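Please work from the sequences and hints to get the whole structure.
Going by my numbering, the first residue of the sequence shown is number 745, and it counts up by one from there.
One or more of the hints may lead you astray.
Stated by the list, open to error - Subject to a maximum C-alpha distance of 20 Å in a straight line, what follows is the list of computed EDC-like cross-link-like pairs (lysine to aspartate or glutamate):
#, residue 1, residue 2
1, Lys-975, Glu-1203
2, Lys-1167, Glu-1137
3, Lys-1167, Glu-1178
4, Lys-1229, Asp-1207
5, Lys-1167, Asp-1180
6, Lys-1167, Glu-1215
7, Lys-1167, Glu-1104
8, Lys-1167, Glu-1203
9, Lys-1167, Asp-1182
10, Lys-1193, Asp-1213
Hints were generated in silico from the structure; no laboratory data involved.
These figures come from a predicted structure and were not determined experimentally.
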Amino acid sequence: MHDKQAAQPDRSLAALILAFVLAAAHQYLFYGVMPGISYPIFVCLFYAYTLYIARDQIRKPTWIAYLWLGVIVLLSLTYVLFYNQLFYTLNLAVIPVLIVLHMTYMLRRERPAWASWTLIGQTLEHLFPQTLRHWATAARMVRGGRGKGIQPERKQVLVKILFGLCIAFPLLLVVVSLLGAADGVFQQMLGQLPELLARASFGEGIGRTLWLVLLGLGFFGLVWGYVVPHKYNWNERPAGLEGVLEPVVLRMDPVILTTVLVAVNAVYVLFVFVQFTYLFGAWDGVLPAGSSYAEYARSGFFELVLVTGINFVILMFALLPANSAVTPLLRRMISLLLYVLVGCSLVMLYSAFTRLTLYEEAYGYTYIRFLVHACMLMLGLLLVLAAVRIGREHFPLVKCSLVVLLLGYVLMNYLNMDDIIAKQNVARYQTGGEVDADYLSRLGPGATKVLIRFSRDHEGVLDSYLRADLETETGRSWQSFNAAKYSARRALENYFNH
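The structure is reproduced here in structure tokens:
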């Protein structure tokens, strides 16, 4: 590996220099400001750096690679297009994770299966041992040790560059003073430099330096680890542990599985029968005896969702490879019991969905209730996929489930949850319900236009909250630009100025 590294000193030096340039760009885009348009810009810069340095390691893209990249781009664009505090914070972790997984899938010499734990393990290997290993590579390059770092000719070039800078410094002082005298705007810009330098403290300088060094080494080590990887043998066991740590193969005994499914389904079928006696009648005021409207809406909701989740886990275990000695009759019986389990689970999920909808009509719409609705829909889709897998043994359940989860997460980011919640609460108020003005005021900028129309039509009921939003200090740096915030602020200014 060292021979290959030594054979391409130009690439390694360029990788190190550009890594620190990328770290400087990261600091400029994110230091002291909230992420906005800066996030997709940096994602593009990072991919440009990776594609340039590791261009020889890039494998032919597959459809999942394009889908993966599309998800990353769409999620990064949410920092420009929308502002929801939950996804704004969550995506700070989700996007980097997706990027390093995508890099491993595209750059690792032995392409891992994208729907397997192997991909996660290989990503962690590149993220830690491979990356940290090349910090030493960067140190050798800087000090020129073992003849593998900066060659003597390059050292002479660096010395000449430093000498040229020493000559240029006094010359720049003269030229800058002349240009300042020739242009007043340029002179005013130069006058701001002492103020900027005065604001920079010693502690800030140390923080910025650490930021630059650690990120620069991190970017270089991560990408160079794909260019010059080290082969780790994680399957090699320490001496004396041979035969002790054997891989575990999960298999479900068909007799045990059948027993569990029969017992569980017996209870579920009875429950579903009881549900159908009043499930659809609740919309017309036909409720279980002794239950009020609110009690029905609240009762059993979380329990039903939890049971449905447990059923999905049972399905996953039941679909593990079975013993080849299973008789065809027993196999058909297991399949039938699994179909019953899926059917009962879907009824429970629908019952929970109905209860939550009733609860929202009675008490209003919130972030949590909206997200629970979305999670139940996702769980319903996964149950349908599991049902397909029961009848088709070779159906790629894990791959389809991952694709559904990825696309569902992107869709949730682009639905503009704040706008939907605001509209639903306004519609509820107009049909005779109440409105929680305090909660509406805490919604994100995506709901501002809806709240302005509501306040205008109802004698300024939300004007105090909206004016407080307008007077709230917002970041003016271009890095933090967000279209949703900008549009909301313009709408508030037009509302109060007319």
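Is Lys-1229 within 20 Å of Asp-1207, Cα to Cα? holds (18 Å)
Holds or violated: Lys-1167 with Asp-1180, Cα cutoff 20 Å? holds (13 Å)
Taking only the CA atoms, is the gap from Lys-1167 to Glu-1178 under or equal to 20 Å? holds (13 Å)
Check the hint pairing Lys-1167 with Glu-1137 against an upper bound of 20 Å on the C-alpha distance. Distance of about 44 Å is beyond 20 Å: violated.
CA of Lys-1167 to CA of Glu-1203, is that 20 Å or under? holds (18 Å)
Take a quick look at whether Lys-1193 and Asp-1213 sit within 20 Å of each other, Cα to Cα. Satisfied, since the Cα-Cα distance of roughly 12 Å is no more than 20 Å.
Could you grab the alpha-carbon distance between Lys-1167 and Glu-1104 and see if it respects the 20 Å cut-off? This hinted pair holds, its Cα atoms lying about 13 Å apart.
Tell me if the straight-line CA distance from Lys-975 to Glu-1203 falls inside 20 Å. Answer violated: Lys-975 to Glu-1203 is near 71 Å, above 20 Å.
Given pair status - Asp-1182, Lys-1167, alpha carbons within 20 Å: Within the cut-off at roughly 15 Å; holds.
For the pair supplied as a hint, Lys-1167 and Glu-1215, confirm whether the alpha-carbon distance does not exceed 20 Å. violated (24 Å)
Checked against the numbered hints given earlier, the structure breaks hints 1, 2 and 6 and satisfies all the rest.
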